[in-house]
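J.: Going down the list, the protein sequences come from chains R and Y. Count along the first sequence starting at 1, add 96, and that's the number in my numbering. Count along the second sequence starting at 1, add 96, and that's the number in my numbering.
Hints are supplied without guarantee of correctness; some may be wrong.
Unchecked claim - Simulated pairs of lysine-lysine, DSS-like, Cα-Cα distance not exceeding 30 Å:
(1) Y/K265 <-> Y/K326
(2) Y/K326 <-> Y/K408
(3) R/K265 <-> Y/K185
(4) R/K236 <-> R/K326
(5) R/K185 <-> Y/K265
(6) Y/K236 <-> Y/K185
(7) R/K265 <-> R/K185
(8) R/K265 <-> Y/K326
(9) R/K236 <-> Y/K265
(10) R/K265 <-> Y/K236
(11) R/K236 <-> R/K185
Claimed, not checked - Here are the computed distance ranges between Cβ atoms for each label pair:
(12) R/T332 <-> Y/A126: 43 to 53 Å
(13) R/N325 <-> Y/R189: 47 to 57 Å
(14) R/H225 <-> Y/A272: 56 to 66 Å
Note that these hints are calculated values from the structure, not bench results. From the three backbone atoms N, C-alpha and C, an ideal C-beta is built for every residue, glycine too.
Number of protein chains: 2
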Amino acid sequence: MNGPSPLAVQDIMTNDPVHAPMERAQEWAAGAAYVIDRFVPLGEAAVPITDLGLVRADAVYDVVSVSRGQFFRLEDHQARFARSCDRMKLSNRFTQAEEAELLNELVARTGLKDAYAWWAITRGTNLPHPSDRLHAERFKNRFYAFVIPYVFIKDDADRQAGIRLHVSKDYVRIPANAVDPRAKNFCSLDLNMSLMEAGRAGAEWSVLTDGNGVLTEAPGSNIFVVRENKITTPETGCLEGITRLTALDLCAEIGLNVEVGTVTVDDLMAADEAFLTSSAGGIIPISAVNQQPICRGSGPVSTRIHNLYWEKRWAGWHGTPVDYEAVN
Amino acid sequence: MNGPSPLAVQDIMTNDPVHAPMERAQEWAAGAAYVIDRFVPLGEAAVPITDLGLVRADAVYDVVSVSRGQFFRLEDHQARFARSCDRMKLSNRFTQAEEAELLNELVARTGLKDAYAWWAITRGTNLPHPSDRLHAERFKNRFYAFVIPYVFIKDDADRQAGIRLHVSKDYVRIPANAVDPRAKNFCSLDLNMSLMEAGRAGAEWSVLTDGNGVLTEAPGSNIFVVRENKITTPETGCLEGITRLTALDLCAEIGLNVEVGTVTVDDLMAADEAFLTSSAGGIIPISAVNQQPICRGSGPVSTRIHNLYWEKRWAGWHGTPVDYEAVN
Numbered sequence: 097m098n099g100p101s102p103l104a105v106q107d108i109m110t111n112d113p114v115h116a117p118m119e120r121a122q123e124w125a126a127g128a129a130y131v132i133d134r135f136v137p138l139g140e141a142a143v144p145i146t147d148l149g150l151v152r153a154d155a156v157y158d159v160v161s162v163s164r165g166q167f168f169r170l171e172d173h174q175a176r177f178a179r180s181c182d183r184m185k186l187s188n189r190f191t192q193a194e195e196a197e198l199l200n201e202l203v204a205r206t207g208l209k210d211a212y213a214w215w216a217i218t219r220g221t222n223l224p225h226p227s228d229r230l231h232a233e234r235f236k237n238r239f240y241a242f243v244i245p246y247v248f249i250k251d252d253a254d255r256q257a258g259i260r261l262h263v264s265k266d267y268v269r270i271p272a273n274a275v276d277p278r279a280k281n282f283c284s285l286d287l288n289m290s291l292m293e294a295g296r297a298g299a300e301w302s303v304l305t306d307g308n309g310v311l312t313e314a315p316g317s318n319i320f321v322v323r324e325n326k327i328t329t330p331e332t333g334c335l336e337g338i339t340r341l342t343a344l345d346l347c348a349e350i351g352l353n354v355e356v357g358t359v360t361v362d363d364l365m366a367a368d369e370a371f372l373t374s375s376a377g378g379i380i381p382i383s384a385v386n387q388q389p390i391c392r393g394s395g396p397v398s399t400r401i402h403n404l405y406w407e408k409r410w411a412g413w414h415g416t417p418v419d420y421e422a423v424n
Numbered sequence: 097m098n099g100p101s102p103l104a105v106q107d108i109m110t111n112d113p114v115h116a117p118m119e120r121a122q123e124w125a126a127g128a129a130y131v132i133d134r135f136v137p138l139g140e141a142a143v144p145i146t147d148l149g150l151v152r153a154d155a156v157y158d159v160v161s162v163s164r165g166q167f168f169r170l171e172d173h174q175a176r177f178a179r180s181c182d183r184m185k186l187s188n189r190f191t192q193a194e195e196a197e198l199l200n201e202l203v204a205r206t207g208l209k210d211a212y213a214w215w216a217i218t219r220g221t222n223l224p225h226p227s228d229r230l231h232a233e234r235f236k237n238r239f240y241a242f243v244i245p246y247v248f249i250k251d252d253a254d255r256q257a258g259i260r261l262h263v264s265k266d267y268v269r270i271p272a273n274a275v276d277p278r279a280k281n282f283c284s285l286d287l288n289m290s291l292m293e294a295g296r297a298g299a300e301w302s303v304l305t306d307g308n309g310v311l312t313e314a315p316g317s318n319i320f321v322v323r324e325n326k327i328t329t330p331e332t333g334c335l336e337g338i339t340r341l342t343a344l345d346l347c348a349e350i351g352l353n354v355e356v357g358t359v360t361v362d363d364l365m366a367a368d369e370a371f372l373t374s375s376a377g378g379i380i381p382i383s384a385v386n387q388q389p390i391c392r393g394s395g396p397v398s399t400r401i402h403n404l405y406w407e408k409r410w411a412g413w414h415g416t417p418v419d420y421e422a423v424n
């Protein structure tokens, strides 16, 4: 039933640093960060304890992955980050070109070929006069970034076998009229708590509803449901994931019937296949929902999209090569 | 109509450090922190950039105020913090006595007589193996704390005149079935954004509903509505504020008719008086809601509770004197 297996990805990836001409201390290979206008090894990177990004989760961020020395859809991530900033009235003192240069330099400093580049803008330190806190433009927003080695949220074995998903009963996703999930932000206590609920239920990942039986998103990932030759992913209450966008592109390219719309728990329970999409793992097939099997291993659609995703990425699709010489 | 004015509080408070026997560098008077097992001046206090308390708002916290050298309701804050930890499956490596001692030492190091003491437990650094992230007990939670000078969210002039409140139209409060507000946590982007909406509307503070016309809470504060000799504060969707508890106690002590229940926007618009309660300001009367006056200045009930609140605090009610000699 299942056709070919998903490509083994982890075995082919390597985080051995490339050897760029300049000498790099071992400490940089573990990660690099940009904090308060300085490049530092990750181990030294810290955020002032009073930063509103911490104490009030008042911030937006984005994460782009690097595979085999290439950023994937960097411009799309940057465009989304700019929209996140606009939605939360945070201002970026860097242009998109400067931002890209900074992220490149961080990757170059680590030498990592497979990495995450994370960056954020926080509201900054709280203002001494409370009346100033009513005005976005009076804050001095802060830009932070770091690069760390790539880690799959689910490894090859899980992607071959498919993962067991738990639909959270204890938590609903923070609704868009409270905190708009299209602005990628830190408020994810609901998502993190649902992971632990999934653990208690013997599952491997969770997905959250809106409280009315409609699926929203999973921790760090979007969900796709394949049912009767139609593929659907939630339209609202979720991040506009770049891997979600990529899966939509790939479905269209293959000629599959795909749409963005309402997806219910019932749709998921009755699905032929389902998968998660995430920069931290690509395409992740689902084998069971709430302990009910929905597919043996990775189904044919999931496998096809998974393999195409990695084949095209490695062929340079939407890739921006990291310039490993660009270390100032 | 209004009777006596609220006590002038700010003029009577002082943040001149007391002069304890040991020498203290100027830098400690600006604030002190406890970060990764070390006491440091606030200016040096920072949280590792990968801490889940930052990147996922995966943390709980509490804040207790110190006035005239006394913590106010320290044990109640500590008990609430313990409940917050339980709700979010975070573990505190300190006993309540050790925690109190640590907060005392932080205040003592600053020498401040009027201060906030903030403390938090974060999930800690993310675990390398995603499957471990399903189990709360596998994380190494981190304890952070800092003490800073007390700042009123609204000063005496505002408390005399009452503040103009804006009922947010753009944001609802994160619902309890997503992130339980009784566990005091960092997810407050909704609250912070509503403050900026209030600023645009010419108001001085905001309050959020549940999206169905029922009031929940205001940034950093609870709301009380006085209508036809009955005082009501929201029961659900809000923090169980310690100043809210104190206002309930004071209303009962005076013999006022007070209850915890459902409070609608309509109740607020038709109120005789309304006020906010917060550790960062005590009792804050409201003079207008959505540009419609509801009370000239501070109304008689608000004034009475405000004055009683400070008089009793300064008389030592629920006070724990700071031991300024306790600096290890």
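J.: Would you check the hint for R/K265 and Y/K326, treating anything up to 30 Å between C-alpha atoms as holding?
T.: 38 Å, violated
J.: Would you check the hint for R/K265 and R/K185, treating anything up to 30 Å between C-alpha atoms as holding?
T.: Distance ~33 Å between R/K265 and R/K185 Cα, so the pair is violated.
J.: Would the hint linking Y/K326 and Y/K408 be met if the CA-CA limit is 30 Å?
T.: 23 Å, holds
J.: Below or equal to 30 Å on CA atoms is what counts here, so check R/K265 against Y/K185.
T.: Holds: R/K265 and Y/K185 sit about 17 Å apart, inside 30 Å.
J.: Hinted pair, alpha-carbon criterion (30 Å max): R/K236, R/K326. Please report holds or violated.
T.: 47 Å, violated
J.: Under the criterion that the straight-line Cα-Cα distance not exceed 30 Å, is the pair R/K185, Y/K265 satisfied?
T.: 17 Å, holds
J.: For the pair we were handed, Y/K265 and Y/K326, check the Cα-Cα distance against 30 Å.
T.: 27 Å, holds
J.: Could you grab the alpha-carbon distance between R/K236 and R/K185 and see if it respects the 30 Å cut-off?
T.: Answer holds: R/K236 to R/K185 is near 12 Å, not above 30 Å.
J.: Would you say the C-beta atoms of R/N325 and Y/R189 sit inside 47 to 57 Å of each other?
T.: At 54 Å between Cβs, range holds.
J.: Run the distance test for R/K265 versus Y/K236: straight-line Cα separation, threshold 30 Å.
T.: Given pair R/K265, Y/K236 holds - Cα atoms ~26 Å apart, limit 30 Å.
J.: Within 43 to 53 Å or not, the Cβ separation of R/T332 and Y/A126?
T.: 45 Å, holds
J.: Are the Cα atoms of Y/K236 and Y/K185 separated by 30 Å or less?
T.: Roughly 12 Å separates the two Cα atoms, so the pair holds.
In this structure, the hints that do not hold are numbers 4, 7, 8, 14, in rising order.
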